[in-house]
Amino acid sequence: MEAAVFIVCAAIVLAGSLGVVLARNPVHAALSLVGTLFGMAVLFLNLEAHFLAAVQIIVYAGAIVVLFLFVIMLLGVDRLEDISVEPIFGQRVLAIFVGLVGFGLGATYIVVSVAEVQNTSAGVASAYLTRPLSNLHEIAEVLFFDYVYAFEATAVLLTISVVGAVVMTRRMARNQQPENQLTNQSSNTASED
Amino acid sequence: MTLSLGHVVFGLDPLYLGGVGLDEVFITLLKVVVAFGLLLMSVMLMIWFERKLISDMQNRIGPSLAGPFGVFQTLADGIKLFFKEDLIPERSDRLVFKLAPYLSLVPAFLVFAVVPVGGDFNGGDGRVTIFGHDTFLQVADPPVGILFVLAMSSLAVYGVMLAGWSSGSKYPLLASVRASAQMVSYEAALGLSLVAVLLKSGSLSTNQIVSEQSVWNWNLWVTWLVPMVVFLIAATAELNRPPFDLVEAEQELVGGFHTEYSSLRFALFFLAEFMNTITMSAIIVTLFLGGPNGPDFTTVGWLSGVLWFFIKLMLFLFIFVWFRATLPRIRYDQLMDLGWKLLIPVSLGWLMLLACYDIAGDRGWNRAAVVVVTLVVMAGLAGLLVLALRAAKQKPKDAHDDTSYERKATWVT
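Residue numbers (this note's numbering), protein chains in the order written: chain S, 1 to 193; chain L, 1 to 413.
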């Protein structure tokens, strides 16, 4: 049963991620991304990580991709792109090369870690699985006890970036007249959202 | 293996404790079919109820010809829509255009799955016995119950957003940009007011939340009313119902995001809209009014819970219609101000207050002192917020830039 769920979800994830890369229309690409995220949420469910599955949907599918779509719609980039010209010379060859290297690294990592998991005793993993706490408690414990400083630092970092974005867009709005600065205006709107 | 599947998909329901056999599958199917039929029927009646009630409030008669008191009016409208020509605009994105109504409808259906509609919550944990099996009167009780509701309501944004975009037309696009901004903003207030409930009940499972409230220990007064008010306002905005119905502001946007839709696809949007109203009312009842909890006044054990749930549900449906009949639509900047500058700070502050009060109780500190200190700290923070808002208001005036969303959106499109 778990294997069947995994196969179906993995197919959805793969199809979705291919769609993200291959779709010509940015909105279709964003929708494929939603498909991928959904498949991953079900994979989390399959591992009994309910909380992660819910958060995956709420945060990624519900907020981040919505913002992508929002920006795509506001900026009006939802047209087919001309891809016959290469913007940076050698970009494509380099992209293929880097992609292959990344794929190779990932594959090696999977092979190595599978071997490692098979070697270590199953006791370590099952000790975690048989703990009576729900996975919400587990995550809360890790996040707010073990890694609380990293967590707080991330919060500060995000706040700084938000404040920075607001400050930068506001200064532009004061110096320039909004009517004749169409592109500038649209970038303001996007970052304010 | 089978046990694990039951646990994963249907959660903590005692039905699946003994493994999943033919009986369990049958009972689950029965629950799904009943919930599905119930929702469809109640949408039909809700549309009639809303039209009838609003016409009473406006001193009109309303639907009166189809059936007794016009109760079959919705059915007649549905049949009419079914036989209309299905138009797909030339400039639309055909695939997404066809997909969007379903993206609206499916989340609306799914949310209802986690709502406990009955059961004995006067001391019991809501179990009822169907055909000799113990189970809950809800389709599923996943361990993340209430997060599932949030997840579905955040997916509902896609239906509206893509419908507007794929129509390839100006007004629907504007409406969908408005709608998605509105729904994403109010989701924050919705989530924050919900956290207060979770703090009190200590669980995400809807069944657990209702059990915690059993015998008059309703979250409505356990969380001191404010989260409920915030939740109700945010839910109204999330549902795009008046006075927050800027999405389909007829005077400005023709018909809103579904202007280009006709026939069955339009009917699906309509269905989703009213179904969302019903499920959101059910969620409010579950979270704040103790769900099916209430004094037992029938001889059949499970009936009283279902009746109490229905009575409370009707109360909120009435309130939603009442809103629509009495409140004028607010402006877009007012909408954003209300959401970001009032509801979110208030619900966050209230959550802090509740948490401090609880901690004081746990540690045996003087509760009054803790509340006073918390209030002082929060007053300071509120002062900072007001200062920040003032500073934000000053600058755009020098640059003669009016911050209304619509103007920016029209420049771009």
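Take the hints with a grain of salt, since some may be wrong.
To be verified - For lysine to any residue, the following SDA-like pairs were computed, each having C-alpha atoms within a straight-line distance of at most 25 Å:
1. L:Lys98 <-> S:Val65
2. L:Lys341 <-> L:Ile330
3. L:Lys200 <-> S:Leu105
4. L:Lys98 <-> S:Phe144
5. L:Lys200 <-> S:Val148
6. L:Lys170 <-> S:Val148
7. L:Lys98 <-> S:Phe38
Keep in mind that the hints were calculated from the coordinates and are not lab data.
Hint check:
no. : hint                  : result
1   : L:Lys98 <-> S:Val65   : holds (20 Å)
2   : L:Lys341 <-> L:Ile330 : holds (15 Å)
3   : L:Lys200 <-> S:Leu105 : violated (47 Å)
4   : L:Lys98 <-> S:Phe144  : violated (45 Å)
5   : L:Lys200 <-> S:Val148 : holds (24 Å)
6   : L:Lys170 <-> S:Val148 : violated (48 Å)
7   : L:Lys98 <-> S:Phe38   : holds (20 Å)
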